[in-house]
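There are 2 protein chains.
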Amino acid sequence: MSTGNRQFTLVARPQGMVKRSDFAFAEAAVPEPKDGEVLVKTRYISLDPAMRGWMNEGKSYIRPVALGEVMRAGTAGEVLSSRSPAFTAGDQVVGTWGVQDYAAVAAESLSKVDAKLAPLPKYLGVLGMPGLTAYFGLLEVGLPKAGEVVVVSGASGAVGQVVGQIAKLKGCTAIGIAGGADKCEYVVKELGFDACIDYKAQDVKKALREAAPKGVDVYFDNVGGDILDAVLTQIRMKARIVICGAISQYNNTTPVKGPSNYMSLLVNRARMEGMVVFDWAPRYGEGIQAMAGWMAEGKLKSREDIVEGLETFPETLNKLFSGENFGKLLIKV
Amino acid sequence: MSTGNRQFTLVARPQGMVKRSDFAFAEAAVPEPKDGEVLVKTRYISLDPAMRGWMNEGKSYIRPVALGEVMRAGTAGEVLSSRSPAFTAGDQVVGTWGVQDYAAVAAESLSKVDAKLAPLPKYLGVLGMPGLTAYFGLLEVGLPKAGEVVVVSGASGAVGQVVGQIAKLKGCTAIGIAGGADKCEYVVKELGFDACIDYKAQDVKKALREAAPKGVDVYFDNVGGDILDAVLTQIRMKARIVICGAISQYNNTTPVKGPSNYMSLLVNRARMEGMVVFDWAPRYGEGIQAMAGWMAEGKLKSREDIVEGLETFPETLNKLFSGENFGKLLIKV
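Protein sequences appear in the order of chains E and G.
Using this note's numbering, read the first sequence as starting at 1 and increasing by one per residue.
Using this note's numbering, read the second sequence as starting at 1 and increasing by one per residue.
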């Protein structure tokens with residue numbers, strides 16, 4: 001047993017944006033797998049907005065990361081040794097073993113992936129939780145019908161880019177909302193969205209009224225705050241708003257900004273519904289199969305933003321909240 | 001043709017609570033019905049929270065009352081003369097002819113009611129829009145299942161009292177939220193709710209946690225504001241929140257308070273959906289029949305708060321917003 005397993009351990013509940021001092025960064029021993037466990041080497045770490053919520057105390061859809069615990073994160077890597085018949089050394093796997101170089105984890109917590117079919121980072125993005133969130137959130141909660149107008153915020157992000165492309169595949173008009181001309185250009189020119197609103201440069205309400213003069217049927221919300229409020233003014237009768245996240249509010253040190261315009265739900269007989277991808281776990285295979293098929297046909301593209309070095313974790317995570325990332329954010333270890 | 005038709009005409013868009021000066025109160029001629037019209041004498045005027053919204057400019061689910069127009073209101077009364085084969089003098093009818101003594105209205109805008117089956121005021125309450133709002137809003141949007149916990153705010157009001165009783169009829173636990181010990185006592189002792197929280201005397205969140213330790217499955221919201229936010233903290237997985245009104249916000253001169261705790265929808269995979277009773281117009285007969293049946297069996301009670309005198313209109317309307325009314329608020333003309 002050697003040392004050399006670098007780990008980020010949560011040591012303080014962050015106030016606002018995370019700081020390096022909210023974590024201990026130290027080396028531990030590379031663990032020894034027990035019976036039924038697998039020793040994995042981390043290749044990629046997924047950075048997701050939800051991670052900010054996991055650092056807070058209090059009831060949520062998943063238990064908070066405890067103080068003194070390795071920070072939870074989606075991960076992809078390679079099996080080094082296995083004490084489970086389900087895996088052998090050299091297997092490429094994804095799991096949630098956290099921000100560290102190595103882990104000994106229960107075999108049931110891992111999924112084998114085919115790195116020949118798609119590069120490993122895709123399994124943390126379009127073929128992983130973000131892609132599945134987009135797939136089930138849009139199709140099962142948003143319930144878009146061909147000809148309808150689908151709007152998605154965080155449009156160039158891990159979830160948003162998939163939402164808009166699936167909307168197009170289903171015959172809808174797809175309108176993105178993103179921060180910056182480069183991101184907007186990407187989702188329109190590369191991903192085929194019909195339009196994109198740059199919330200940093202445009203008045204979202206006015207721009208939406210121009211891009212969707214008949215209004216919005218489905219809004220897939222990743223950001224909350226003022227953008228949710230602006231879209232609420234532009235919804236159509238029987239609109240569906242999928243509440244997937246509220247990245248604008250995750251670092252608040254003041255109370256969350258509730259949507260002042262929520263009475264538009266009444267005027268328009270519309271609904272707002274929350275979703276968590278875990279609920280579709282029994283159907284992940286269906287989602288991955290559909291998306292891998294579209295990828296093979298060139299109909300579903302995705303972009304990753306890969307930062308090198310596990311040691312960059314706190315600063316890299318904050319890129320999500322400052323909007324500096326462009327595509328699915330990952331650390332390459 | 002005589003004068004003697006007293007009318008309240010909207011002359012200013014109210015700021016905050018309505019003032020007498022927002023209306024002109026004057027006498028016009030009693031109108032002469034044209035072909036296809038009916039001359040009606042007003043007996044009761046319905047006072048509904050929604051009326052405050054109708055006085056505001058801007059797009060809503062119904063066009064605003066224009067300046068110079070008689071104030072819109074639900075009404076019940078008697079046919080004096082008819083130029084339509086559908087009605088004859090002496091018929092008891094309900095309609096929406098507004099805050100005035102007489103009106104000549106299109107026959108299609110009236111419904112005949114049987115004053116022997118139930119007194120006229122009931123047709124503006126439990127057998128009218130408020131009752132139908134409760135019936136379709138709870139059953140079609142709230143979708144309560146036997147054994148679930150249903151919470152309703154404005155519990156002693158025109159809609160709330162019906163919501164809780166239908167919840168009980170469907171095998172649910174019914175918890176009211178109302179302002180004052182007398183109202184709470186009424187909904188529990190007279191109407192058979194399981195519990196009632198007096199929001200003026202109790203901490204709603206804490207009281208709900210005690211009354212519904214497993215959480216809330218359906219919340220029928222008539223009030224918005226802090227009470228909506230408190231209930232959001234206590235919802236169960238897959239909860240349904242019916243947005244029927246937001247009486248706490250209708251007289252705001254500052255922006256509406258959005259529900260800060262709306263992310264509880266995500267954590268609990270819950271939904272919040274707006275409803276307007278007009279959408280169920282083709283099924284009103286079904287709702288009235290069901291409720292009249294329950295009334296006949298003594299299973300559905302209702303209370304009216306009847307104020308005498310058309311001339312009291314502005315002050316009587318404000319009773320809704322100060323919470324002074326106790327039961328369905330009506331003016332007897």
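One or more of the hints may lead you astray.
The list makes no distinction among identical chains, and a pair is therefore deemed to hold if it is satisfied within one copy or across any two copies.
Calculated pairs, SDA-like style, for lysine to any residue (alpha carbon to alpha carbon, straight line, at most 25 Å) [to be verified]:
#: 1; residue 1: Lys301; residue 2: Ala24
#: 2; residue 1: Lys145; residue 2: Tyr61
#: 3; residue 1: Lys170; residue 2: Phe278
#: 4; residue 1: Lys112; residue 2: Trp294
#: 5; residue 1: Lys59; residue 2: Asp114
#: 6; residue 1: Lys59; residue 2: Val256
#: 7; residue 1: Lys112; residue 2: Met237
#: 8; residue 1: Lys145; residue 2: Arg269
#: 9; residue 1: Lys34; residue 2: Asp279
#: 10; residue 1: Lys238; residue 2: Arg83
#: 11; residue 1: Lys145; residue 2: Val276
#: 12; residue 1: Lys299; residue 2: Leu310
#: 13; residue 1: Lys168; residue 2: Tyr284
#: 14; residue 1: Lys206; residue 2: Tyr61
#: 15; residue 1: Lys59; residue 2: Arg209
#: 16; residue 1: Lys34; residue 2: Ala104
#: 17; residue 1: Lys205; residue 2: Ile62
Rather than coming from a laboratory, the hints here were simulated on the basis of the structure.
Same-copy or cross-copy closeness of Lys34 to Ala104 [CA-CA at most 25 Å]: For Lys34 and Ala104, the Cα distance is within 25 Å only inside one copy (8 Å; across copies 87 Å).
Copy assignment of Lys145 with Val276, given that the CA separation must stay at most 25 Å: both (22 Å within a copy, 23 Å between copies)
25 Å Cα threshold - placement of Tyr61 relative to Lys145: Classified as between; 24 Å across copies, 29 Å inside a copy.
Same-copy or cross-copy closeness of Lys168 to Tyr284 [CA-CA at most 25 Å]: within (21 Å within a copy, 39 Å between copies)
Intra- versus inter-copy proximity for Ile62 and Lys205 (alpha-carbon distance at most 25 Å): Close across copies (22 Å), not inside one copy (34 Å); limit 25 Å.
Homomeric proximity label, Lys59 with Arg209: Cα distance no greater than 25 Å: between (38 Å within a copy, 15 Å between copies)
Identical-chain pair category, Lys206 with Tyr61, by Cα at 25 Å: between (35 Å within a copy, 21 Å between copies)
Intra- versus inter-copy proximity for Arg269 and Lys145 (alpha-carbon distance at most 25 Å): both (17 Å within a copy, 22 Å between copies)
Status of Val256 relative to Lys59 across identical chains (alpha carbons, at most 25 Å): For Lys59 and Val256, the Cα distance is within 25 Å only inside one copy (16 Å; across copies 27 Å).
25 Å Cα threshold - placement of Ala24 relative to Lys301: neither (37 Å within a copy, 64 Å between copies)
Same-copy or cross-copy closeness of Lys112 to Met237 [CA-CA at most 25 Å]: For Lys112 and Met237, neither the intra-copy (44 Å) nor the inter-copy (31 Å) Cα distance is at most 25 Å.
Same-copy or cross-copy closeness of Lys170 to Phe278 [CA-CA at most 25 Å]: within (23 Å within a copy, 32 Å between copies)
Hints 1, 5, 7, 9, 10, 12 from the earlier list are contradicted by this structure; the remaining hints agree with it.
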